[in-house]
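*Asks:* Using the sequences plus the hints, can you model the full thing?
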Amino acid sequence: MSGKTLNALLTAGAVVLAGMLLAWANAGLDNYSIRILNLIAINAILAVSLNLIYGFGGMFSLGHAGFMAIGAYTSALLVLGPEQKEMMWMLEDIVWPLSVIQIPFWASLLAGGLAAALFSLVIALPVLRLGGDYLGIATLGFAEIIRVLITNSASVTNGSLGIKGIPPHATLYVNYACLGLALYCVVRLLSSNFGNVIKAVRDDEVAARAMGIDTFRYRVLAFCLGAFFAGIGGALQGNLITTIDPKMFNFLLTFNILMIVVAGGLGSITGSVIGSVIITFMLEWLRFADSPFEALGVTIPGVPGMRMVVFALALLALILYRREGIMGMHEFRWEWLFSRRRKKP
Amino acid sequence: MFLQQFFNALTLGSLYGLIAIGYTMVYGILRLINFAHGDMLMLGAYFVFFGSAIFRLPWGAAVAAAIVAVSFLGVLVDRVAYRPLRAAPRISALISAIAVSFFIESLAVVLFTGLPRPVYQPDWLITPFEVGSSRLIPLTLAVPAVSLALVLALLWVVYRTKPGLAMRGISRDIETTRLLGVRVDRIIAMTFGIGTALAAASGIMWALRYPQIQPYMGVFPGMKAFIAAVFGGIGSIPGAMLGGLCLGFIEIMVIAFFPLLSGYRDAFAFILLVAVLLVRPAGLFGQVQEDKI
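Going down the list, the sequences are from chains A and B.
Taking the working numbering as reference, the numbering of the first sequence is continuous, increasing by one, and the terminal residue is 354.
Taking the working numbering as reference, the numbering of the second sequence is continuous, increasing by one, and the terminal residue is 309.
Everything hinted at is true.
Across the chosen pairs, the derived CB separations fall in these ranges:
id, chain 1, residue 1, chain 2, residue 2, range
1, A, Ala186, B, Val270, 43 to 49 Å
2, B, Arg188, A, Val215, 18 to 24 Å
3, A, Tyr182, B, Thr129, 41 to 47 Å
4, B, Ala81, A, Cys194, 56 to 62 Å
5, A, Ile112, B, Ala85, 56 to 62 Å
None of these hints come from the bench; they were simulated from the model.
Cβ coordinates follow ideal geometry from the N, Cα and C atoms, glycine included.
*Replies:* Printed below as a string of structure tokens:
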């Protein structure tokens, strides 16, 4: 059996195993644990999408919360029933086409991703001509503008009241199916010619251009793809926690995802997945810092907000002492596990 | 009415300008957006509050102590979070800056609580007086005046003293300046000290003008001031001041003439940023830098 078929078989086996684990988790675990598992899947999708933009595309984008907001709002607006929307919009009546439309969940998910991608295309055309940290500030600005827009257009988004009672479609299976699909797409994409080109553009744009590559087009493409998955992630999150409002999609959200990507390793999909497992667990575990606890026989009173202090310190320590993250730029390979000797070409 | 709006805009603009100077100095030297700069503004306002409330300092002494303390913290941030990353890719330092900013904000929430606090305003600063048909308060005149004085002092330091010469040298070419015997790290620490002192000063004035302080008060002014610095041409001190003034006038005047747009106020600055970067990426006073291959 050749190495390639064996790897494919192993991957298929891992997918089946993961499915069985999910079935077991779905039946046997309590709600809180299932919620954490859900969050891990969604965070992994978001981290992979940011990694596509930043780790592989080299574009420092801080606009993820904005794309997520667009995805979440699009999906929520389309998936809710007309009567529900009529009841909820109290500040202003909901505008016409949205007031009658209702589409199935999976379609609304896709629509959320597409809306985010479309929007990212609109902003990519002016903004991606900027380099480095200017791009960061500009995309951060766009995320804030989206928040301002959502707050101020009450006839579409219900303004600052937000949307409540979104049906909880994002179950464990849905989330992990989406994660699987996203991973499959991104991994296939990166191992194709597109992946090589985008990495070349990241490493040396001038050289890539000299090779005749339309660097701008590839950057826009990577940016929009990242935004597409971010939109889907946002839509899933909305459907998981069933309420969304503009305040939710602030910079803190982008910061969390950035932390996952950096912790996992920029330019490593495996790293992003591992990072989201660790960081999601850590964020939940750190809740103990917000409540009273005993250490060395002394009761330390809980301080609300302490969690974020520890979290920020952790990121600082990470960037100062282990910049490359957990995986660096490496990916998981079956060869690692079974230490098969790689043939030299 | 117009005079009132004019001075409101001048006050807001000069505050943006003062904050922008800190960004422009640090960016000019290290090519680093110091995300924690806006939080220094918040710390300045809080330190005055606690100086008066807890240590019973007279108002003037509290202001002086707060500026010194914050400028010390600015140097400390550079030492702990930025200096170890001088040789690293610039994006690493940027992430470090974001982490520092979050750290300061969350720590402020823990230590000062998230509740907004009222600020003491000395009476002589807010007693209104009439000019024609407008009512003005001395504060709206004092803030631009103090800002102008601070900028002039800063320009003197940068263009007429030896450390200023070293600063300008570093912003041109850090390695050559080091070879010429300048203690680069010390000068950079000094730059951080001066920049954060200005941020603290503007934070204190900000709190006087909009008398409520809370741990996240520095975030939006900080981002907008960075935009002002980009608008004026990053690296240029007069440019930062001018960019701040322009931004202040745009924000106040657009809302004065089109009150319907007031909900979108926070978006103006970012639209301005994108427009500037597209038309004139180096800003008003910036020098266009060619990429060497």
